[in-house]
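Chains A and B supply the protein sequences, listed in that same order.
Each residue of the first sequence is one higher than the one before, starting from 1 at the first, in our numbering.
Each residue of the second sequence is one higher than the one before, starting from 1 at the first, in our numbering.
Simulated from the structure, these hints should not be mistaken for laboratory data.
Be a bit skeptical, because a hint or two may be false.
[What the hints assert, rightly or not] Below are the DSS-like pairs computed for lysine-lysine, each with C-alpha atoms no more than 27 Å apart in a straight line:
no.	chain 1	residue 1	chain 2	residue 2
1	B	Lys231	B	Lys152
2	B	Lys231	A	Lys53
3	B	Lys463	B	Lys206
4	B	Lys354	B	Lys463
5	A	Lys84	B	Lys231
6	B	Lys517	B	Lys555
7	B	Lys354	B	Lys517
8	B	Lys482	A	Lys53
9	B	Lys405	B	Lys463
Here's the letter readout for the chains.
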Amino acid sequence: MLRYLVRRLLFSLLVVAGVVTLVFSLIHLIPGDPTAAILGTEATPEARAALRKDLGLDQPLLTQYGRWWWNLLHGDLGRSILVKQPVSELILQRLPTTVPLALLTITIAIAIAIPAGIISAIRRNTWVDAAVSLAAFSGMSIPDFWLGVLLILGFALYIPIFPPGDYVSIVSNPLEGLRHLLLPAIALGATFSAALTRMIRSSLLEVLSRDYVRTARAKGQRESRVLLRHALRNALIPAVTIMGVQFGTLLGGTLIIEQVFALPGLGRLTVQAVLDRDFPLVQGCVIVIATIFVFVNLLTDLLYVYLDPRIKYT
Amino acid sequence: MSLTRLTSIGDAQGRISRRAFVRGGAAAFGLVSTASLLAACGGSEQSSGDSGAETATTSTQETPTNETSPTTGTGQSTSEPSQGGTLIFNGGSNLSGLDPHTTGAVVSWYVLDNIFDRLVRLDPETQEPVPSLAERVDVSDDNLTYTFTLRKGVTFHNGREMTAADVKQSFERIMNPDVPAVAKGYFAGLESIETPDDYTVQLVYKEIYAPLLIALTRLETAIVPMEEVEKAEWETHPIGTGPFKFESYIKDQACVLVRNENYWEPGLPYLDRVEQRVIPQTETAVVNIRTGDIHVTPIQASDMDTLQSEANVRAESFTSTYWAHVSMNCARTPFDDLRVRQAIKLGINREDIKELAFFGTGMISNTMIPEGNPFRAEVDGWDYDPERARALLREAGLEGGFATKMRIVSSSPWQLAAAQIIQENLAELNITVELEQIESTTWFTEVFTNHDYDMSMNSHVSKVDPDLSMIDILHSGEFGTKNYTNTSDPELDDLLVRGRTSTDIEERKEIYAQAQKVFVERSGYLVLNLQSLPFALRNNVQDFLLLQTSELRWKETWLQG
Numbered sequence: 001m002l003r004y005l006v007r008r009l010l011f012s013l014l015v016v017a018g019v020v021t022l023v024f025s026l027i028h029l030i031p032g033d034p035t036a037a038i039l040g041t042e043a044t045p046e047a048r049a050a051l052r053k054d055l056g057l058d059q060p061l062l063t064q065y066g067r068w069w070w071n072l073l074h075g076d077l078g079r080s081i082l083v084k085q086p087v088s089e090l091i092l093q094r095l096p097t098t099v100p101l102a103l104l105t106i107t108i109a110i111a112i113a114i115p116a117g118i119i120s121a122i123r124r125n126t127w128v129d130a131a132v133s134l135a136a137f138s139g140m141s142i143p144d145f146w147l148g149v150l151l152i153l154g155f156a157l158y159i160p161i162f163p164p165g166d167y168v169s170i171v172s173n174p175l176e177g178l179r180h181l182l183l184p185a186i187a188l189g190a191t192f193s194a195a196l197t198r199m200i201r202s203s204l205l206e207v208l209s210r211d212y213v214r215t216a217r218a219k220g221q222r223e224s225r226v227l228l229r230h231a232l233r234n235a236l237i238p239a240v241t242i243m244g245v246q247f248g249t250l251l252g253g254t255l256i257i258e259q260v261f262a263l264p265g266l267g268r269l270t271v272q273a274v275l276d277r278d279f280p281l282v283q284g285c286v287i288v289i290a291t292i293f294v295f296v297n298l299l300t301d302l303l304y305v306y307l308d309p310r311i312k313y314t
Numbered sequence: 001m002s003l004t005r006l007t008s009i010g011d012a013q014g015r016i017s018r019r020a021f022v023r024g025g026a027a028a029f030g031l032v033s034t035a036s037l038l039a040a041c042g043g044s045e046q047s048s049g050d051s052g053a054e055t056a057t058t059s060t061q062e063t064p065t066n067e068t069s070p071t072t073g074t075g076q077s078t079s080e081p082s083q084g085g086t087l088i089f090n091g092g093s094n095l096s097g098l099d100p101h102t103t104g105a106v107v108s109w110y111v112l113d114n115i116f117d118r119l120v121r122l123d124p125e126t127q128e129p130v131p132s133l134a135e136r137v138d139v140s141d142d143n144l145t146y147t148f149t150l151r152k153g154v155t156f157h158n159g160r161e162m163t164a165a166d167v168k169q170s171f172e173r174i175m176n177p178d179v180p181a182v183a184k185g186y187f188a189g190l191e192s193i194e195t196p197d198d199y200t201v202q203l204v205y206k207e208i209y210a211p212l213l214i215a216l217t218r219l220e221t222a223i224v225p226m227e228e229v230e231k232a233e234w235e236t237h238p239i240g241t242g243p244f245k246f247e248s249y250i251k252d253q254a255c256v257l258v259r260n261e262n263y264w265e266p267g268l269p270y271l272d273r274v275e276q277r278v279i280p281q282t283e284t285a286v287v288n289i290r291t292g293d294i295h296v297t298p299i300q301a302s303d304m305d306t307l308q309s310e311a312n313v314r315a316e317s318f319t320s321t322y323w324a325h326v327s328m329n330c331a332r333t334p335f336d337d338l339r340v341r342q343a344i345k346l347g348i349n350r351e352d353i354k355e356l357a358f359f360g361t362g363m364i365s366n367t368m369i370p371e372g373n374p375f376r377a378e379v380d381g382w383d384y385d386p387e388r389a390r391a392l393l394r395e396a397g398l399e400g401g402f403a404t405k406m407r408i409v410s411s412s413p414w415q416l417a418a419a420q421i422i423q424e425n426l427a428e429l430n431i432t433v434e435l436e437q438i439e440s441t442t443w444f445t446e447v448f449t450n451h452d453y454d455m456s457m458n459s460h461v462s463k464v465d466p467d468l469s470m471i472d473i474l475h476s477g478e479f480g481t482k483n484y485t486n487t488s489d490p491e492l493d494d495l496l497v498r499g500r501t502s503t504d505i506e507e508r509k510e511i512y513a514q515a516q517k518v519f520v521e522r523s524g525y526l527v528l529n530l531q532s533l534p535f536a537l538r539n540n541v542q543d544f545l546l547l548q549t550s551e552l553r554w555k556e557t558w559l560q561g
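The following block holds chain B by itself, in its conformation from the complex (with noise of 0.2 Å):
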C-alpha cells in the first residue's frame, strides 16, 4: 500500500505566515475559507490527484484562502514587533495543575500552551491543523496509518533534542492505565505506534479515527520528556518544547514564563517574560488595567461599557466554543417524556436570557457547534412559543403542570440570572421550578458523576472536529463517557459512530448535520447561547490571539513601546 502525500499541511517551515487576531468577524472569513476549501477538496490541487482519502482536517497552502486574515480595525498588525518586554495577565483563579496530560481547566491552559507544543498545532483562521512538532503528516490510502515527519533541531527547555522516542513514550504515558490522562480516548483505537526513525513516527490505528489530528492539535498531547516527568520536580516545574519556559508559580500570586532563547521558530517568541497573576475579582482586575498594572484580563460584559471610554484600554468579546445550556435528566420523569422536554425548550425565553443573563453578547444557537466551523448546521429549533409548549404538555397529559428542581453553579456569573428567567417562563406553563445553587466541585460529584438531578445549567466547550464535541456526551454506549443528561437515542448513536468513522468530508458533515437535528430535537440540551468571552487588554498589547478553543498563544504577541 503506498503512501498517499496529503497536501502538504503548511510550508517548509510550518510557519503560519501572518499574525492575526482572532474576532467575532473570524467567523465570517471561517466561512469564506470553509466555502473555498470545499472547491479545493473537489478540484486538484493535490499533487497526486488523489480524491478518495480525505480527511476532514486538510489543509491546502495553494487554495486562496489565506489571503482573506482578519485585520484588527486599528491597524495594529501592520507594524514592525518590538522584542522584549514583561506582559501581565490576569488569569482570573489558581491553577489546577501543571502536567498537560491531566489538567483539564483552560486557566491551567493559558500557562501550559505556551510551555509545551504538539505535533500540529490549530491555524486561527482556518480551524485546520497546520504543522507544529511534526512537519509533515502523511496518511496512508486505508486512513488508517498516519506518518509524521519530525522537525529536526527541536529542544527541550532541559537542552535536549526532541526525538520520534519522545513522541511515543508521550503517547505511551496517555494510553498508560495508572496516568489519569484525559487524553485516553484519542488513542483507543490505536494498534501500535513505530519510530521507524528519529525523526519519524508513525500511528497505526485498527479503524479509522477521523477526529485524530484535531485531536492531536490539543495540549491533552503534548510532547513531553520522560525523563523530567519521572521526577519528582515534574508536578511543580513542566518542561516542553514551547515558545516560553517555566519559571515559577506561586499560588495566588502569580505564575512566571520566561523567553525560550533556544525556540525552533526563529525570533520568536518577542516578550522576554508573562506573568499571570491571580486576581479573582474582575472590578478589581478592571482597575488594574486601568491603573496600567495588567496588560490583559477578562472581564464580564457588564464591565465593557465602563472600559469604552477609557483611553489606554480597548474591551473585545472573542468568541469561544463554550455553549451554555440547560440540561435535562432524560432518566427521570417527566424528563423521560420527548413531549415534555420539547415542551420545555419553547418555553423558555432565550432573548431574554441573552440580554439579562450575558448582557447581550454571545449568539443564540441550537446546535452547540459554532458559525466558522463547517461542521455547523443550521438547525430549527425551539424559538420562545409558549402556546406550543402548553399543547405539547396537554398532550403528554400535564397540563396541570408539575415540580422540579433546578440545580445551578453558585460561582457562575450568568446562571442565577438565567435560572431565575427560566423559572418564571416555566411558571407560564404550570411547571414550579425550585432553584439550587451549588459549587463547581459538588456540580461535577453529584450532577456529572452520579447523574443526581432533574434539571441543570452549564456551560461546555465544544471543540473543533464535531466528534470531539458531541460523542462523549451523546453516545449511550461505551464511548459516552460523560453523558449525564442519559442521552440513548439509536439514531443518534449509529450516528455519532458513522461521523468518527468516516474519513469523506461530505459525507462527515451530512452525517453531523443529522445528529445535530436529532440533538436539537431529542436530547435532554437546550444551548441558551454560544458565549463571547469579553477581555480588556490595554492598547500597547499587540497581536494577540485567542483561539476560539481558548488556547492563548503568546508566541507572537508583543508590548509596543
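Same shape as in the complex, but just chain A (with noise of 0.2 Å):
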C-alpha cells in the first residue's frame, strides 16, 4: 500500500508538470500580453515594447520558463503583473471563497442526491420515482448561470432572504458568510446532484437485484438495514468516482457562478488571469488547481479501499 502511494504520488507530481508545461505554451501561443490590460486605449506600440521590456516580457520562452520553475522550487510563485502582489498571496485570498463554496456545493449534492436516489430506486417506476427524475433531468440541463440568477431575483430580491451577491469572509463570521454562499451552491450543485442521484438510483437498483441482498432478506433482515448497511454501501462506489471526475467540472463550474453572484474566487482569478495575460498569475492558478484535482482523485482511489475490502493496492 505504501509503494502504492508513494508510486501515486510521484505520478501526481509528474501530471502537474505536464499540466503547467501546457498551459505555460498555449497562453504564450495565443497573441497578446498583459501591456493591452494595463494601457487600455493609450497602448501604443512604442509604451507597449517599453513595458514590455520593463516586464521581462521579452526573453525567450525558455528563459522564462525555466526561470519560472526555478523561483517555483524555491517557494516563490511570483508576482502578478497587473495587480503587482505576490501570486501565493492573492491565490491564499480565494481560497476560503473557492474551497468553502466547493465543499457546500458538494454537502448540499450529496444530501440531495442519496435521499433522492434511494427513494427513486426502491419506489421504481412509480410516480415518486417519475417525479425525481424530472427534477434530475432538471437540474442537469439547466445553465448553472441561468439557475444562479433566477436564484437572485427569487431568494434576494423579491424574497429578500439571502444577499444578492457580494462576500464576507466565511472565516471571519462563519454564519453569514455561509449564507452568501448558500445560493452559489445550490445553484452549482444542482447540476452536481443530478447526476450523482441518476448515478446512485441504477447503482443501487443494480445491487438490489444480487443474491447477496436476496441472502440478507431471506435471513430476516430489516428492510433499512439491507439498504443502508449492504446495499448503499457498494452502491456507492460508482458514485464516488462519479464525484471524484465531477469534481473537475465544480472546479470550472465554480467559475461561472463566481460571475454571476461576484464573489471573490478561484476560478474568477484564473479566467480573468487569462483574459489579462497575467501569466505568472495564470501559472500559479493553474498549478494550484491541478493540484488539487490530482489530490482529490487519489482520495477517491484511496476512498475505495475503504468501502470495497476486496480492493487492495499494490
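Both chains come to you apart, so use the hints to assemble them.
Here it is in C-alpha cells:
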C-alpha cells in the first residue's frame, strides 16, 4: 500500500508538471500580453514595447519558463503583473471563498442525491421515481448561471432572505459567510446532485438485484438494514467515481457562478488572469487547481479501499 | 518679453462655484457657453486688452456663461449636502493598475481621479481648464512659456507639502524613457521646466503646442510625490493630493477610498468612504442596486426599462466621449480604394444599428467629436444609400462584390449585434463579411499593434481638445502613434500639424472643421454612434458627477438621509 501511495504521488507530480507546461505553452501561443490590459486605450506600440521590456517579457520563452520553475522550487510563485501582489497571496485570498463553496456544493449535492437516489430506486417506476427523475433531468439541463440569476431574483430580491452576491469571509463570520454562499452552492450543486442522483439510483437498483441482498432479506433482516448496511455501501462505489471526476467540472463551474454572484473566488481569478494574459498569475492558479484536482482523485482512489475490502493496491 | 496675464482662470480659491450634473442636456448648455465664449474672445473682458495670444482653452470668470448651469429635473442640487456616509459603486471590472502615469483603463481612472490632482482640471459645464493645483496660469505672448503659480498648503496624503519640485519631478518621470507613461506625447515639444521658486513652475516649449492646458487636466499628468514613487509599495498603494486617500484594493472584491481630512478644498469631500466593487455581471449589479446593496452602477441600455419602475432607483444616460466605429485597413485591398471605403460607409444602416445594437441610446454622428465641444463640425456624410454605394462599387470595378473578414471584440455588448447588421447590409452589395470574434487583448495585439485585419470595430475615446482626439490615430508620420487604419492623407497630415501649433481659436476651429471633413470623407473610419453611458443610481445619491471624458468625481457627491 505504501509503495502504491509513493508511486501515485510521484505520478501526480508528473501530471501537475505536465499540466503546467501545457498551459504555459498555450498561453504564450495565443496572441496578446498583459501590456494591453495595463495600458488600455493608451497602448501605443512604443509604450507596449517599453512595458514588455520592463516586465521581462521580451526574454526567450525557455528562459522565462526555466526561471519560473527555478523560483517555484524556491517557494516563490512570482508576482501578478497587473496587481503587483505576490501570486501566492492572491491565491490564498481566494481559497476561503472557493473551498467552502466547493465543499458546501458537494455537501448539498450529496444531501440531496443520496435520499433522492434511494427513494427513486426503492419506489422504482412509481410517480415518486418519475418526479425525482424529472427534477434530476431539469437540474442537468438548466445552465447553472441561469439558475444562479433566477435564484438571485427569487431569493434575494423578491423574497429577500439571501444577499444578492457580494462576499463575507466565512473565516471571520461563519454564519454570515455561509448565508452568502448558500445560493451559489445551490446553483452549482443542482447539476452535480442531478447526475449523482441518477447514478445512485441505477447503481442501487443493480445492487438490490444481487444474490447477497436476497440472502440478507431471506435471513430476516429489516429492509432498512439491508438497504443501508449492505446495498448502499456497494452502490456508492460508482458514485464515488463520479464524484471524483465531477470534481473537475465543479472547479470549472465555480468560475461561472463566481462571476454571477460576484464572489472573489479562485476560478474568477484564473479566468481574469488568462484574459489579462497575466502569465505568473495564470501559472500559479493552474498549478494550484491541478494539484487540488490530482489530490482529490487520489483521495477518491483511496476511498475505494475503505468502501470495498476486496480492493487492494500494491 | 512680458508675460501677458490671461484672463484669470478661476477665482481666488480656484473653486468651481457650483455643483452640477452632467446630462445629455449639458450639450445644449455647452453650445450656449461656447457662443458666449466666442463673444468674450472677440470682446475685451481681459484686463490687458490683448487680443493676440489666446489659447483655445481660455475661460473667463466674467462672462455670463456660468449662470446657465444644467440643473436636474429633481431639483437635488438645491438642498444642503450632508457629511459622511459610505458610497458603494460598482466599477464593473478589476483595476488595471494604480499608477496614474501608466494606466490607461477607465475603471482605474474612476479610482485614481479621486486620489490624484493635476495642475488644472476640466470644468464640467464649459469644458475649459480651470485652476486645480495651480492657482493661476500665465501664458507668454509667443505662447511658448506657461507659468503656473501653485496653490500653497496643499499636502500629499503622506503629510508633506506639494511644491514646484514635485511638479517638475512628476513631469520628468513622465518623460523618462524607462517609464511607460502614456502622457509622453504631451511633452514631446518641451524644452525645459524651470522652478524659480517653491510655488512657481515654468514650462518652456520649443514650438507652440495648443492642447497643452487640456492635456494637463488629464489623469496621466497627475502630480505625484517622487519619494513614494520610488518605494516598492507605490505599485499597490498610491499616494496623491486628491480628495480621497487610498486604503486598500483586493482584486475581485473592492477598492476602498477614504476621505482626505486635509484636502485643500475646505469642506470637501462629503463622503467618508467610497467602495468601488467588482460586479461584472450587469444582471447581478441591477439586483444589487434594487436591494440597495450598492449605490451606483453602470448598466446596459437594455436595463434602463427594468429600472424605470423601480421606486428608489433612477436610471440616467450620460453623454460620453466614446465613439463607436467601424474601421477599415487602408493598406489592404480593396480598402485602399477610396470609392470602396465610401461605398461601404454608404451601405451601412446606422439607424438600425442605433436601435438594435445600442437600444436607441447615443447619437449617430459623422464626426467623432461630441456635441457640446466647440470644435465639433457638422459634416455631411454617410446617410444610408445603397444605390449610391452600388454605383461607387461599379466605378471601382467591384460590382460583383468581394469577400472580407471583420474582427470584433467578443466582450463588447454592442459589437456582435452591430456586426450582424453590417453583414446583412453589405451582403446586398455582394460583399460577404465573415465575422471573427476575438478577445480584447488579442484585438490590441493583432489589430491595433500589428495592423493584421481587413475590417474591425471598436470604440475610441475622444478628448476635449481635437488634437488629442485626432492626430495620434490619423497622422501618417511620427505623430500617428496609434494609426492602425494606415490612414495616409497629406492634406489631413498638414491640417493636423497646423491645428496643434496654432493658438488662434478661430483659426483652429477652421482647421479642425476641415480636418473633420477629410476624416469623414476619406479616412478608414465610419463613426457609428457617439455612445451614452447608462448608469443606475439610488435616489439618495446627490450631485453625482461623471464628466463626458469619463472622469468620475466623488468630491462633491453626498448621500441624502
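Going through the hints against the structure:
With a CA separation close to 26 Å, the supplied pair Lys231(B) and Lys152(B) stays within the 27 Å bound. Using a Cα cut-off of 27 Å, the hinted pair Lys231(B) and Lys53(A) holds, with the two alpha carbons roughly 20 Å apart. Restraint check: the Cα-Cα separation between Lys463(B) and Lys206(B) comes to about 23 Å, which is no more than 27 Å; the hinted pair holds. Restraint check for Lys354(B) and Lys463(B): satisfied, since their Cα atoms lie roughly 23 Å apart, inside the 27 Å limit.
For the hint pairing Lys84(A) with Lys231(B), the CA-to-CA distance comes to about 13 Å; that is within 27 Å, so the pair holds. The hinted pair formed by Lys517(B) and Lys555(B) fails the criterion: a straight-line CA distance of about 39 Å is larger than 27 Å. With a C-alpha separation of about 23 Å, the suggested pairing of Lys354(B) with Lys517(B) holds against the 27 Å cut-off. With a C-alpha separation of about 20 Å, the suggested pair Lys482(B) and Lys53(A) falls inside the 27 Å cut-off, and the hint holds.
Annotation: proposed proximity of Lys405(B) to Lys463(B) is violated, straight-line Cα distance about 30 Å (limit 27 Å).
Comparing the model with each numbered hint stated earlier shows that hints 6, 9 do not hold.
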